[in-house]
Structure formats: structure tokens, C-alpha cells
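The task is simple: from the sequences and hints, build the whole structure.
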Amino acid sequence: MHITEGFLPPLHAALWTAVSLPFVAVSAYRVNRLMREQPEIKLLLAASGAFAFVISALKLPSVTGSCSHATGTGLGAILFGPSVMALLGTIVLAFQALLLAHGGITTLGANVFSMAIVGPWVAYAVLRSAQSLQAPLALSVFLAAMLGGWATYLMTAGQLALAFPDPTSGIAGSFLKFAGVFAPTQLPLAVIEGLLTVVIVNFLREYSSDELQNLNFLPKTLVSEARP
Amino acid sequence: MRAIDHHAWTNRWRDWHPLEKGLPALGLLMLVLILPPLTTAPLVLAGALLTTVYGAGIPWKTLLSVLAAPVTFLLAGIPFLAISIDFTSGFALTFSPEGFQLALQTVIRALAAMSCLAFLILTMPLTDGVLLLRRIGVPAGIIELILLIYRLIFVFAERALTGRQAQAGRLGYSRLDRSVRSLGLLGGNLFQRALEQARRLETGLMARGYTGELRVLSPPRKLSWRRLAVSIAGVSLIGLASGGLTHGLS
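Residue numbers (this note's numbering), protein chains in the order written: chain C, 1 to 228; chain L, 1 to 250.
It cannot be assumed that every hint is accurate.
[To be verified] Not close to chain C: a few residues of chain L, all C-beta gaps over 12 angstroms, as computed:
(1) Arg14
(2) Asp15
(3) Leu50
(4) Leu117
(5) Phe156
(6) Thr211
(7) Ser224
(8) Val230
(9) Gly244
(10) Thr246
(11) Gly248
[As the list claims (entries may be wrong)] Per the computed footprint, the stretches of chain C lying under chain L, defined by three or more beta-carbons under 8 angstroms from a beta-carbon of chain L, are:
(12) 2-12
(13) 39-45
(14) 94-106
(15) 128-138
(16) 148-162
(17) 169-176
These are computed hints drawn from the structure, not numbers from a lab.
What you are looking at is a predicted structure, and each value in this text was computed from that prediction instead of being measured.
All residues carry an ideal CB built from backbone N, CA and C; glycine is no exception.
Structure representation (C-alpha cells):
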């Protein structure tokens, strides 16, 4: 759910940019070092970034009939970890603003925070804790992608609520309003995205476990049991 | 996606230095965010739209379709700014006049800001803009990564569309459960192909002596001080006019 260009008041736009900047800068520093040590990583990350953009531009089947898009946030966090996702997600969000007019320049910071920072971290934390509880892989992946999506949606509603507090009931009231109006599309969308992520991860484990094993920043739990 | 990229590379002003387009676009964007929206936004909206259509030669139809992108978001979010929830006496929804004022301001501000963004993305080829990032100190490696992603997006988009067509021809999207499965398989396939593509690119580049740096020719863009001055003058004029208008009305 992208916040549209110019929707946030200037102070909030600047504030969210300032909040996101350190995360993205640290991520850029890490990725840059990683790419210098292993030049081939650059091509892999480029392919993944382009993949994330394309998968997010494909329309998802939606229950309510509105046009909805996957975010790929959960999948990215599962495959690459949240520290890489901050940079990759920022690049993808910038491309979405510049090639599709989804989101915008002034709201990029806010969108990065909800979609490239909060979503991936929640998805990653859920995946890790579900795995440590020995939950089946499919269930952990499903929960990670779905809860990552919900976290993104709640974060966006929170950002909007902070920017537009309700005249009588304040921030709490406006959070309720924004969370409510986007719930009918965003809640089922995240469930579908969870299922989708499970299908993708299963496919990859079945048909390209070799490639998965070559990604040294992948969580080992995903690939260790992949080979028969 | 194709339409925006197509016009960015073929419009009348494509060869201009990116600063000549970036500076006025961001300048107008700043104006509309900082000054009171009710008086500034209509001027900015008109300025950006007219420049895009009569200056750069972008068709109205394309421009309006870009402006329409956020309409669903606005339609969903805006009415709720004008309605207010009251918890004090149970739960009540009331119409609030100040909320309505805020909603009006937000809509017009968002539309004006969107028109600035539309001007920028429809007139400036994306790679030109990326080169500006180098000036503000983004590492060369990250810029290469961005350019590579830009290139690969179009390669993968074509594959995704072909794959989706093939699936749809086999009734892969006839029901919700099938759609989820089909899209998942498409995504998995696409990722597998992406990894393969990355490996092939790597092998090909290694054979040509790749050490971690891609050298590309960027077309020379000469900065015209005259054009830059005209665009800055235009932005200042709009800023002054809206300032005067605000002052006159109050």
C-alpha cells in the first residue's frame, strides 16, 4: 500500500525520510562491501531486485475485485534477510514511483519505512521464531509473509494516523479509521501473499536447491533439508 | 510502465541536462508542500501540466493516466479525513468541517505534487536521473546495481507477461485457488530464471575481464544556463504569485 505523492504534510514526509535514512545507509554500506568482496553478488542482487519489481507489478487475484499487488516483502526477507532488503526495497520502491507512478518522491521515506524496513524485519523475526519452535517450513514461511504484510499495513495506517489526527478522538481515532478502510483489501491480500510465498519457496526448494545453496546469505534452515 | 519509459526517452526535451528538468520539478514540489495548498496547488498543477503537454510534447491521454495512478488511494483515504470518530459517548461518526477543509487541501496538494512527479518521470530518462545520484555521493557500486536492475526489469517483465499469457491460455487464472498457484509457479520460475541470468551474465563478463566495475558511455548532456535560468524564473514566478494570492485573500 503506497502512500501517494504529496499526501503527507511536509514535516511528516521529512521526518519519515530521516527515520529511514540510517537503515538504508547501513544497508547500502553492507551491500557495497559485499559486492566488492564478491563481484558476482552484484549481478545476483540486480536480478533479485528486478524480480521483486516485476512480481510486485503483477496483479494479484483479489477477493474484493480491486486491483491489488503483491509486495514481495516477505519473500525478499526470507531469501536475503532484512539487512539487504532495506536497500533493495528502497531501489524497487523508487523504481515503482518513477516507472509506474506508484508512491512518490516525497513519500518515499515513509513507504520505505513501512515496506522495506518494518515488513521485512517482522517477516524475518517470525520466520526465525517459527523455525526455532520447529514449526513446519511451509507454515513458518506462510506466517512470515502474512504477518510481514500485516505489519506493513498497520505501519502505513499508523503513519497516516500520525499525519492526520482526528479532530475529536485524536490519533487513536484516525488510526481506527485508516486501518478500517484499508482492512478489506489488505488483510486478505496478505493471506494470499502468504500462500503465494509458500508456493514460490516450495518450487525453488524442489527445482533450484543448487542455486539456493550458492546464496551464502540464505538462512541455512531453508536449504539444509532440500536435497534428498 | 512502458508508456512512461517510452515518453521519457522520446519526448522533445529528452536531451536536456537532467538538472534542467529535475530542479524545476523538485522546486515546484517543494512549493506545493510548503506554501498553503489551496492557493498554491492550482497554480502548480496548471504550470506542471501545461509545461508537460505544450513544452515537452507529452499527449494529454498519457499524462492523465499517470495522474490517475493514485486515484484509488485518494478515494479510499480522503472521505475519512472529513468524518470524525467520537468515543466519548459510545461510538459516533460525525461530519467535521475542519476535517473537510483538511481533506480538500490534501487532495489538491496530492494532485499538484503528482503532476510535478508526472512531469519529471515523463520527460527525464531514468538513467539520466540515476547519474545525478553520483553527484550527491552515492557509491559507484550502488549506482551500477541500480542501472543493472533497470535493465533487467524489462527483460523479466517480458518473460512474466509471456508466462502469464501461457498460463491464462491453459485456464490457470480461472479460479482464485488456481490463480494463487499459477502466480506462485510463475514467480518461482521467474526467480530461477533470474538466478540463471545472473550466472550467465557473470560468466560472460568474467570472460571479458570483469573485475567488479562496468564501464558505460553516458551520452553528453550539456547544461544550458539559459534554460536553467528560465525554469528557475518560472518556479519563482509561481511561488510569488501564490504568495501574493494567499496574502490578498487573507
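(request) Go through the numbered hints given earlier and state which of them the structure violates, listing their numbers in rising order. (result) Hint check: 4, 5, 6, 15, 16 fail, others pass.
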